[in-house]
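Line by line, the protein sequences give chains A and B.
In this text, residue positions in the first sequence follow numbering that gives the first Met the number 0: the first is 0, and each later residue adds one.
In this text, residue positions in the second sequence follow numbering that gives the first Met the number 0: the first is 0, and each later residue adds one.
These are calculated hints, taken from the structure and not from any lab test.
These numbers come from a predicted model, not from an experiment.
Worth double-checking, as some hints may not be accurate.
[As the list claims (entries may be wrong)] List time: in silico DSSO-like cross-link candidates among lysine-lysine, alpha-carbon distance up to 27 angstroms:
| # | chain 1 | residue 1 | chain 2 | residue 2 |
| --- | --- | --- | --- | --- |
| 1 | B | Lys42 | A | Lys27 |
| 2 | B | Lys141 | A | Lys16 |
| 3 | B | Lys37 | A | Lys82 |
| 4 | B | Lys37 | A | Lys78 |
| 5 | A | Lys82 | B | Lys42 |
| 6 | A | Lys19 | B | Lys231 |
| 7 | B | Lys42 | A | Lys78 |
[As the list claims (entries may be wrong)] Only part of the chain A face toward chain B is listed, based on derived beta-carbon distances under 8 angstroms:
| # | residue |
| --- | --- |
| 8 | Glu18 |
| 9 | Val33 |
| 10 | Lys66 |
| 11 | Leu98 |
| 12 | Glu105 |
| 13 | Ser107 |
Note that beta-carbon positions come from the ideal geometry of N, C-alpha and C, so glycine has one too.
The chain contents come next:
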Amino acid sequence: MDNTHDTGFIGQSYQGKIEKPNTGWIWKTFWVLVAITAIEFAIAFSMTSPGLRTLRNSIFIVMTILKAFFIVGEFMHLKHEAKSLIWTILVPTSLLVWLVVALVTEGSGIGDRLIHMFS
Amino acid sequence: MATTTTLQPPVAAPATVAPANADAPRSGNWDGGNEPFKASYGKLMMWFFLLSDTFTFGAFLTAYGLIRHKHGVYTGAAKDFFFSTAHWPVPEKVFNSMPGLHGMNLPLAFVALMTMILIFSSVTMVLAVEAGHRMDKADVQKWLLWTILFGSMFLSSQALEWSHFIGGSEHGLAMADGTVMQGANLGANEYGPPLFADLFFFITGFHGTHVFSGVALLVWCFIATTNGTFEKRGHYEMIEKIGLYWHFVDLVWVFVFTFFYLV
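Excised from the complex, chain A in its bound form (with noise of 0.2 angstroms):
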């Protein structure tokens, strides 16, 4: 690659020496994420059962973790900051968890009472 650009500003230019770019971390990240959801779509139409749906849908949240965890450990740089850090941000997180089961099985309870609202 030609690294030898000029700026223009000669006075004012970055006068050190370019490195090489160090990429393959990158590309490796790129193509796990690829797989991830190639595979998510291939269980999108093989797993169409309706006795199914449950594992389905547990393996789908499984992966979109996996998926989360290299964007925000690699592309984000979170794996590589302060463990204080980390922590910062992972802990408040983690109690939507605790949020998204809640309120889903508070639907279903709503749905149940509205089905059942005259019976």
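Given chain A, work out where chain B should sit, using these hints.
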């Protein structure tokens, strides 16, 4: 930048002729002589903003979960599925068209393409950040332009997706009084309960607004890079901070994709 009360050795500034005071790298010690979480002020505040944004999107997706579970579930075979306000629609029956391929049943194909575009934009964004670490102005410009391109492609795809959703299918939904309901608005839609379309508009709309803000910030970053603003400053941390935001938007899409389109 270095004060007399530093607790950590100051970060060695790259060999530039930038003045050592005003535009010094925002890494290393904060003005109080301390460095919480070993992160610069700007990056830490970006993380806190993203945490608050996580709750906003978390609220949207949780509301989606509640409302979806409040409505009935279609229990029959997938091939006999029909649209009705009595049960929540199966996403692959709603989102099954592709621009330019009229009349073909391609479930989730277009949204798969949109997902790939956004993952690609995340990769080019991280490549721009990497180039910034190496002070490679030409590479930063190149990867920023790719990211802007993919971001705009995603926004255009979403515009097509929305217009198809609003316009509706050819056959529409036959109503009890003999009329046909076509498409979707905030009050009613042909796919299922009214709230299905409302949540679609709010969740994907809010995400699309985020993508739009991201593209605007990236355009600004590209102009600043081209003008040599970051080079004179001695670091490309602004690209990193905007990059954090951009990856977050990609992350939100990963969740929207799962909970709106797959589950």
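Right, here's what the structure says about each hint:
With a C-alpha separation of about 25 angstroms, the suggested pairing of Lys42(B) with Lys27(A) holds against the 27 angstroms cut-off. For a cut-off of 27 angstroms, the pair hint linking Lys141(B) to Lys16(A) stands: about 19 angstroms separates their Cα positions. The hinted pair formed by Lys37(B) and Lys82(A) meets the criterion: a straight-line CA distance of about 10 angstroms does not exceed 27 angstroms. Proposed proximity of Lys37(B) and Lys78(A) is supported: the alpha carbons are some 13 angstroms apart, at most 27 angstroms.
Simply put, Lys82(A) and Lys42(B) have alpha-carbon atoms about 15 angstroms apart, close enough for the 27 angstroms limit, and the pair holds. Straight-line distance between C-alpha atoms of Lys19(A) and Lys231(B) comes to about 21 angstroms, which keeps the hinted pair within the 27 angstroms bound. Taken as a hint, the Lys42(B) and Lys78(A) pair is honoured in the structure, with Cα atoms around 15 angstroms apart against an allowance of 27 angstroms. Annotation: Glu18(A) was flagged as interfacial toward chain B, and the flag holds, the nearest CB pair being 5 angstroms apart, inside 8 angstroms.
At about 7 angstroms, the closest approach between the beta carbon of Val33(A) and any beta carbon in chain B falls short of 8 angstroms, and the interface hint on this residue holds. The criterion of a C-beta within 8 angstroms of any C-beta in chain B is met by Lys66(A), whose closest approach is roughly 5 angstroms, and the hint holds. For Leu98(A), the interface hint holds, the least distance from its beta-carbon to any beta-carbon of chain B being 5 angstroms, beneath 8 angstroms. The restraint placing Glu105(A) at the interface with chain B holds, with a minimum CB-CB distance near 6 angstroms, inside the 8 angstroms limit.
Evaluation of the Ser107(A) hint against chain B yields a held restraint, the C-beta minimum of about 5 angstroms falling below 8 angstroms.
Checked against the numbered hints given earlier, this structure breaks none of them.
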